[in-house]
Every structure is written in C-alpha cells, then in structure tokens.
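Colleague: These are the residues of each chain, in order.
Protein chains: 2
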Amino acid sequence: MVELGSAARAASRTVAAAPTAVRNRALLAVHDALDGARAGLMEANRQDLEQGRAKSLDAPLLDRLELTPARIDAMLEGLRQVVALPDPVGSISDMRSMPSGIQVGRMRVPLGVIGIIYESRPNVTVEAASLCLKSGNAAILRGGSESLASNCAIAECLQHGLQAAGLPEAAVQVVSTADRDAVGHLIAMPEYVDVIVPRGGKGLIERISKDARVPVIKHLDGVCHVYIDDFADDEIAFTVAVNAKTQRYGTCNTMETLLVAEGKAAAMLPRLAQAYAEAGVELRGCPRARELMPAAKAASEQDWREEYLAPILAVRVVAGLEQAIDHINTYSSQHTDSIITQEHGHAMRFLREVDSSSVMVNASTRLADGFEYGLGAEIGISTDKIHARGPVGLEGLTTQKFVVLGEGQIRT
Amino acid sequence: MVELGSAARAASRTVAAAPTAVRNRALLAVHDALDGARAGLMEANRQDLEQGRAKSLDAPLLDRLELTPARIDAMLEGLRQVVALPDPVGSISDMRSMPSGIQVGRMRVPLGVIGIIYESRPNVTVEAASLCLKSGNAAILRGGSESLASNCAIAECLQHGLQAAGLPEAAVQVVSTADRDAVGHLIAMPEYVDVIVPRGGKGLIERISKDARVPVIKHLDGVCHVYIDDFADDEIAFTVAVNAKTQRYGTCNTMETLLVAEGKAAAMLPRLAQAYAEAGVELRGCPRARELMPAAKAASEQDWREEYLAPILAVRVVAGLEQAIDHINTYSSQHTDSIITQEHGHAMRFLREVDSSSVMVNASTRLADGFEYGLGAEIGISTDKIHARGPVGLEGLTTQKFVVLGEGQIRT
Chain A
1 MVELGSAARA ASRTVAAAPT AVRNRALLAV HDALDGARAG LMEANRQDLE
51 QGRAKSLDAP LLDRLELTPA RIDAMLEGLR QVVALPDPVG SISDMRSMPS
101 GIQVGRMRVP LGVIGIIYES RPNVTVEAAS LCLKSGNAAI LRGGSESLAS
151 NCAIAECLQH GLQAAGLPEA AVQVVSTADR DAVGHLIAMP EYVDVIVPRG
201 GKGLIERISK DARVPVIKHL DGVCHVYIDD FADDEIAFTV AVNAKTQRYG
251 TCNTMETLLV AEGKAAAMLP RLAQAYAEAG VELRGCPRAR ELMPAAKAAS
301 EQDWREEYLA PILAVRVVAG LEQAIDHINT YSSQHTDSII TQEHGHAMRF
351 LREVDSSSVM VNASTRLADG FEYGLGAEIG ISTDKIHARG PVGLEGLTTQ
401 KFVVLGEGQI RT
Chain B
1 MVELGSAARA ASRTVAAAPT AVRNRALLAV HDALDGARAG LMEANRQDLE
51 QGRAKSLDAP LLDRLELTPA RIDAMLEGLR QVVALPDPVG SISDMRSMPS
101 GIQVGRMRVP LGVIGIIYES RPNVTVEAAS LCLKSGNAAI LRGGSESLAS
151 NCAIAECLQH GLQAAGLPEA AVQVVSTADR DAVGHLIAMP EYVDVIVPRG
201 GKGLIERISK DARVPVIKHL DGVCHVYIDD FADDEIAFTV AVNAKTQRYG
251 TCNTMETLLV AEGKAAAMLP RLAQAYAEAG VELRGCPRAR ELMPAAKAAS
301 EQDWREEYLA PILAVRVVAG LEQAIDHINT YSSQHTDSII TQEHGHAMRF
351 LREVDSSSVM VNASTRLADG FEYGLGAEIG ISTDKIHARG PVGLEGLTTQ
401 KFVVLGEGQI RT
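Heads up: the sequence lines are chains A and B, in that order.
Using the numbering used here, the letters of the first sequence correspond one by one to residues 1 to 412.
Using the numbering used here, the letters of the second sequence correspond one by one to residues 1 to 412.
It should be emphasised that the hints constitute simulated quantities derived from the structure, not laboratory data.
This one's a predicted model, so the numbers in the text were calculated from it and none came from an experiment.
One or more hints might be untrue.
Which copy? The list can't say, so a pair holds if one copy fits it or any two copies do.
[Stated by the list, open to error] Below are the EDC-like pairs computed for lysine to aspartate or glutamate, each with C-alpha atoms no more than 20 Å apart in a straight line:
{"id": "1", "residue 1": "K202", "residue 2": "D35"}
{"id": "2", "residue 1": "K264", "residue 2": "E407"}
{"id": "3", "residue 1": "K264", "residue 2": "E169"}
{"id": "4", "residue 1": "K202", "residue 2": "E395"}
{"id": "5", "residue 1": "K55", "residue 2": "E343"}
{"id": "6", "residue 1": "K210", "residue 2": "E191"}
{"id": "7", "residue 1": "K202", "residue 2": "E191"}
{"id": "8", "residue 1": "K55", "residue 2": "D221"}
{"id": "9", "residue 1": "K297", "residue 2": "D179"}
{"id": "10", "residue 1": "K264", "residue 2": "D35"}
{"id": "11", "residue 1": "K297", "residue 2": "E66"}
{"id": "12", "residue 1": "K202", "residue 2": "E119"}
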C-alpha cells in the first residue's frame with residue numbers, strides 16, 4: 001500500500017497541473033472504453049455474481065452487485081455529465097488589496113489523493129474515479145471483495161482512458177487485492193492520502209472513522225424531520241409530509257419523524273394517517289398523536305432516534321416551534337430537516353437554529369441531493385461539520401490555498 | 001469531562017442563536033472585567049511564575065508564562081479588535097433557483113463546540129475565548145498546568161462577561177484541573193466537541209492528532225521557501241530573501257530554505273551571503289551554492305527538511321523553475337512558499353503547481369499571517385488541507401449549511 005500511496009502522490013501532481021481539457025479527454029476515453037467493453041464487463045460481473053451466489057450473499061447485496069445493460073448506460077450517462085460540469089480547479093476568488101500593498105485571494109485546488117472505500121456496487125468505481133479526476137485529484141479505490149472481477153474489468157477501461165489522455169496510470173488505482181488489511185493501511189497513511197470517503201453502511205463508516213489517521217468525509221445517519229407549524233398551509237403540509245416519507249424508503253433523506261404543532265394536529269393527522277395507511281406505512285406516535293391516529297403504535301424514546309429506512313414513521317405532537325427545534329436538535333442526525341409554515345419569522349428561526357446540514361422551508365427532505373442542489377454528481381452527503389457539509393460535489397473534493405501577489409513587499 | 005462537554009453542547013445552541021450585539025456585549029464586559037482585575041491577574045500570575053521557578057522551568061517557557069502590564073494591554077486591545085470584526089455568522093451566499101423551483105444557498109453557521117489545547121501562554125485563554133464567542137461557538141479551553149492560577153483568574157473575568165450579556169456560563173469553560181487525562185477525554189468526545197485546535201509545539205500537536213477522535217485543525221512545520229527565479233528583479237530578490245529569513249527567526253512563516261536559479265546564482269549569492277553574515281545567519285549550502293558562498297557549510301539531505309526556527313539557512317542552486325517547484329513539493333511542509341520573478345508565466349505556474357497553504361509572488365513569506373491577509377485575529381495557521389488551510393480567522397471557526405426555500409416542492 002505504501003508503493004500505491006507513493007505512486008498516487010506523484011501522479012496527483014501531474015493530474016492537478018493538467019488542464020481541464022486533458023482531464024475531460026481522459027473521461028471521454030474512459031466512456032468509450034467502457035462502451036466498447038460491455039461484453040467483457042458483463043462477463044466479469046457474471047463471475048462475481050456466481051461467486052456471490054455460491055457464498056450465499058443476500059438478495060439486496062446481489063442486486064447492488066449486478067451490472068445490467070441499463071446500469072452500464074447509466075454509468076456512461078454519468079461520465080458524460082461529469083465531463084459537462086464546470087471545472088472548479090484554478091478559480092481565484094476574493095482577491096483584495098491589503099494595507100501592505102499585497103493582493104490576497106484564494107485559489108481553488110485539488111485535495112491531492114482521495115481514498116474511496118465502498119461496498120459492492122461496481123458503478124461506484126466509475127462514479128468516484130470520474131469525480132476525483134474531474135476535480136484534479138488522484139484516486140485510490142477500494143471496493144468490496146464481492147465485486148473484484150467487475151472492478152478489475154472497469155479498472156482496465158480507466159487505465160485506457162488515462163493513457164489516451166497522457167495522464168499517469170497511478171492517477172486512478174483500483175486496489176485489486178482481496179487482502180482485508182489493505183483498508184487498514186489506506187486509512188493510516190496521511191503522507192500519501194489526503195482524505196478518505198467511505199461509502200456504505202453505517203458499520204463500515206464507523207469502523208473507518210474510528211481507525212483513520214487521515215481526515216474522513218463521512219455520512220452517518222439520516223434521521224430527517226418535517227415539522228408542520230401552526231402557520232402551515234394545509235395542502236403544502238400534506239403533500240410534503242407524504243412525499244418526504246413515501247417517495248422512497250431506503251434513502252438517507254427520507255423523513256423518519258413527523259412533528260406537528262398542536263394547533264394543526266386535528267386538521268392534519270387523521271388525513272395523513274389515511275394516506276400513510278394507503279401507502280402501507282406503519283405509524284408510531286406519542287400519546288397525543290395516537291388519539292388522532294388510532295392505528296398508530298406507541299412510540300418509545302428509541303423511535304425518536306431511529307433511522308428506519310423502511311415504511312415506518314414516528315409522529316409527535318409538539319407545543320409549537322420552540323419544542324420542534326428542541327426535538328430536532330436533540331434527536332436529529334443533523335442531516336436534513338424541513339419546516340412547513342407561511343409565517344416568515346418562524347421560517348427564519350427554523351433556518352437559523354436547526355443545526356443540520358440542510359434546513360428547508362416548505363420543501364420535501366427528499367430534495368436534499370447534489371443534483372437537486374445544482375452541484376452535479378455527488379460523491380456522498382456529509383453529516384460532518386468540518387470541510388464539506390451536506391451533499392458533496394466536485395467542490396468538496398477541492399480546497400483553497402491563499403495566493404499573494406506582491407511587488408517586493410516585506411514584513412516590517 | 002462528559003459533564004463539561006454536555007454543558008458546552010447545550011450552551012453552544014444559545015450562543016449560536018444570540019445576536020451579534022449580545023456576543024459583542026459579552027466581549028466588552030470581559031474587556032472591562034480584565035481591565036478592572038489587573039492587580040488580581042498579576043498576583044495570580046506571580047504565583048504561577050513562582051511555582052514555575054521552583055520547578056526549574058526554562059527561561060523561554062517562563063517568559064511565555066509571564067503577564068506584564070503591557071501584555072494585559074495587548075490582551076485588551078485584542079478584545080477590542082475582535083469586537084470590531086464583522087460577524088461571519090448568518091450570512092447567506094450563492095442563493096440560486098433550481099429547476100424544481102426551490103431556492104438553494106448556504107448559510108454560515110458556528111461549528112458548535114471548539115476545544116482549544118495550548119501550552120503556557122495565558123493570553124491565549126482570552127484570545128481563543130474571544131474568537132470562539134465572536135463566531136458563535138462555545139469553547140472548552142485547556143491551558144498548560146503551569147498557568148493554572150493565571151487562567152483561573154482570567155476565567156473569572158470571562159464568566160463575568162458572559163453573565164453581563166445574559167449568556168450561559170458554560171459558553172466558555174476553562175478546564176482548571178491539573179489532571180493530565182483531561183486532554184485525552186476532551187479529544188475523544190465527538191458527541192460534545194466539534195473540533196480541536198491545538199496550539200503549541202510540534203510534539204503536543206502530533207500527540208493530539210494521533211489520538212483525537214474529533215477533527216483537529218492543526219499546524220505542524222513551517223519549512224518555507226523563497227525561490228529566486230532566472231527572471232527575478234535583483235533588488236526585490238535581495239530585499240525579500242533578507243526579510244524572509246532575518247525579520248524574525250522563531251516564527252513558522254520564516255524562510256528556512258533559499259532556492260536560486262543557476263542563472264541568478266552569481267549575481268545574488270555573494271551579496272546575500274554578506275547580508276546573512278552581518279545578521280549572524282549560518283549558511284548550509286549545496287556544492288554549487290558553496291562555490292559562491294565560501295563560508296557556507298555543506299547541507300545534508302536532512303537540511304532540506306529542517307525547520308530551524310533559528311538563524312540558520314539552507315541554500316540550493318536549482319536549474320530553474322521546474323526543479324524549484326519539484327524541490328518545494330518534495331521538501332516543503334506546505335506552509336508558505338514564494339517566487340521572485342518578473343516573468344508572468346513563471347509566476348502563474350508557481351502559483352498553480354506549488355501545493356502549499358500560501359503561495360506568493362514577489363513577497364516575503366513573513367507576510368503569511370491573519371492580520372496581513374485581512375482576516376483579523378487568527379486562531380492559528382493550518383497546514384491541513386481539509387476545512388481551513390493557511391491562517392485561520394473567524395471564518396475557519398464556522399461552517400456552512402444548505403438552506404432551501406420552497407413553496408411545497410416535492411421529489412418526483
């Protein structure tokens with residue numbers, strides 16, 4: 001891994017200095033190589049699936065592992081989108097003259113070497129490689145051992161693309177060893193790796209965060225809230241509360257707890273209970289919520305902290321804005337929380353005081369997403385406060401350095 | 001420490017929601033309390049100094065520990081400056097309309113709870129507390145045990161100021177136990193502490209970075225370079241190369257290695273050698289530099305990596321820009337590096353390709369500083385790439401969250 005790291009560090013300098021056009025040319029060559037290697041990709045993936053079935057991997061894992069023609073199309077479409085994104089690298093902002101006469105500003109530059117650790121989805125290999133390369137970084141990619149053959153086939157296409165653009169092959173390295181210690185080494189080489197982005201289940205991410213000697217951009221829970229305020233518009237409240245829960249269940253920006261101001265409870269909860277029942281959502285309520293939603297089970301303290309990722313919803317009636325903010329700041333995972341209100345002052349207080357990576361007014365939590373936010377593709381959603389918070393796009397894979405332009409100024 | 005952390009977390013919400021005026025009022029009340037407690041501060045500091053002498057602390061440490069009337073004046077001046085700084089909290093930037101109809105922007109918000117771990121200088125207690133409070137954060141301050149009495153006396157003034165402004169006393173907590181395990185606990189409570197800023201020697205910072213479970217904004221070495229290019233203006237080159245080394249020796253932004261293009265070596269090195277000799281600077285050169293600076297000792301490989309913090313300078317003659325950038329990216333600590341040139345293309349390449357927190361053209365590395373950069377007071381200079389890079393002012397103690405304004409938009 002030291003050899004790999006040291007090669008990545010050297011390659012990162014070349015990639016960082018390469019013009020946008022060269023990096024885009026590499027991405028387009030990867031695109032064409034993947035398109036031309038469809039049969040080989042499907043065959044490699046078939047081997048992974050066969051081995052996976054022999055090892056009795058569970059059905060959702062096998063599903064994530066599978067490459068279909070449609071999924072390869074989506075990979076290619078993703079590459080074209082990344083090529084089309086504006087290049088964040090090199091832009092200089094806030095250039096200002098200082099009393100000494102120097103001009104000081106900030107230039108956006110790549111982080112350097114990014115390590116991505118992920119589970120079985122082979123499309124992450126292409127997605128992560130393209131975002132790192134576009135933002136001028138070298139990447140070390142370590143996928144799950146279940147997808148080894150697929151990742152090796154993809155790695156060949158990546159190498160082909162780098163070569164076509166005259167970029168060093170160590171610019172993107174796919175760790176192909178099944179050795180489990182590889183991850184342990186990768187996250188403990190601050191001299192070669194600038195940041196680690198783990199993508200996968202909470203267990204993986206917690207393990208990596210605990211042992212890492214390198215900064216980690218991480219996403220833990222998504223315990224998201226919608227709060228229906230006393231001054232909510234009933235139609236907006238109904239539409240958003242249904243969408244935030246039922247549009248998809250397994251995503252991190254799905255609502256897990258609904259808070260309703262007591263003045264709105266009678267108007268909203270019976271109607272919502274019916275909509276949730278029709279969608280097959282199980283309800284767990286506080287005592288007051290259950291009076292208005294008789295089918296709801298009793299919520300326990302643990303329910304307020306739970307990321308169900310399933311058709312289950314916790315519901316609590318609160319006294320008003322103050323108690324809603326307090327509940328969210330106590331139980332939320334600081335991911336995405338939304339208030340439904342027409343009252344300007346309430347909206348402003350909610351935006352200011354709720355300490356989450358996305359705070360919303362009159363919008364579904366499901367909109368917390370790099371594409372919806374106009375960032376283009378995202379490498380993940382960060383629930384950290386340091387560096388990148390919320391959806392992490394190309395900019396999150398860069399940093400800023402100070403640039404100083406002088407004419408001989410010295411310190412006196 | 002859990003009690004302390006949990007109190008800080010609760011207080012951080014109040015501080016974050018407090019208007020600028022309230023936080024400024026607290027800082028001014030701290031100012032007045034310190035001004036009124038001069039006698040008590042001096043007496044507490046006398047006890048620390050007496051104990052320090054009894055423990056045979058070395059002279060530089062005793063010097064850093066000492067509070068003089070002039071140093072108290074400087075503390076008060078610092079407080080007034082922090083009050084005068086613009087408040088970064090609450091500003092919303094990049095608000096844009098998205099295809100779904102939502103508006104998405106970013107709001108600058110406090111990090112939450114900041115832990116500061118520092119050595120013996122009691123003025124850091126006031127400086128760190130004021131920067132944290134101004135940026136809407138709660139602070140836990142852990143100073144060296146040598147300054148315990150001084151810090152307790154300062155802590156009383158801090159409490160007085162918080163009380164006067166109606167802010168919770170846990171908004172700034174000074175850890176007054178001499179217990180050495182306190183630091184170990186403080187850096188391992190991600191649920192209560194959002195970031196750690198260690199200030200002190202390299203040993204302290206390395207120890208903390210190694211064991212921390214909380215993100216650390218850290219400053220390690222300052223191995224800074226000045227590169228005199230083939231196209232340098234001789235006078236600028238001479239003035240900057242002398243200033244960057246001799247203006248102060250013990251600071252992190254002092255030049256430690258001088259690189260000279262071979263086309264400029266004969267013109268610059270003998271003249272510089274004389275200036276350095278007059279200032280009492282010992283020279284360590286590569287073979288070609290020594291031909292032109294006969295008094296120089298031979299530089300070893302280790303000299304290129306050395307942060308002398310002393311009147312010693314390593315000097316190397318390089319073939320030109322390419323080799324200079326290569327030398328810097330190999331040996332620099334990514335702190336501050338400067339090129340002296342009149343050639344636009346060389347300046348641009350240096351700015352782009354040198355991977356350091358500050359890159360300069362025709363300016364002394366000694367100018368890498370929060371005040372010189374217009375940031376106001378700085379909590380430190382970060383040599384990290386993640387989150388804050390270079391001088392860290394109020395903005396480095398904040399983060400950005402996404403704010404989304406909708407009118408009922410949902411995900412489809």
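Colleague: If any of the earlier hints don't hold here, list their numbers in rising order.
Modeller: 1, 3, 4, 5, 8, 9, 10, 11
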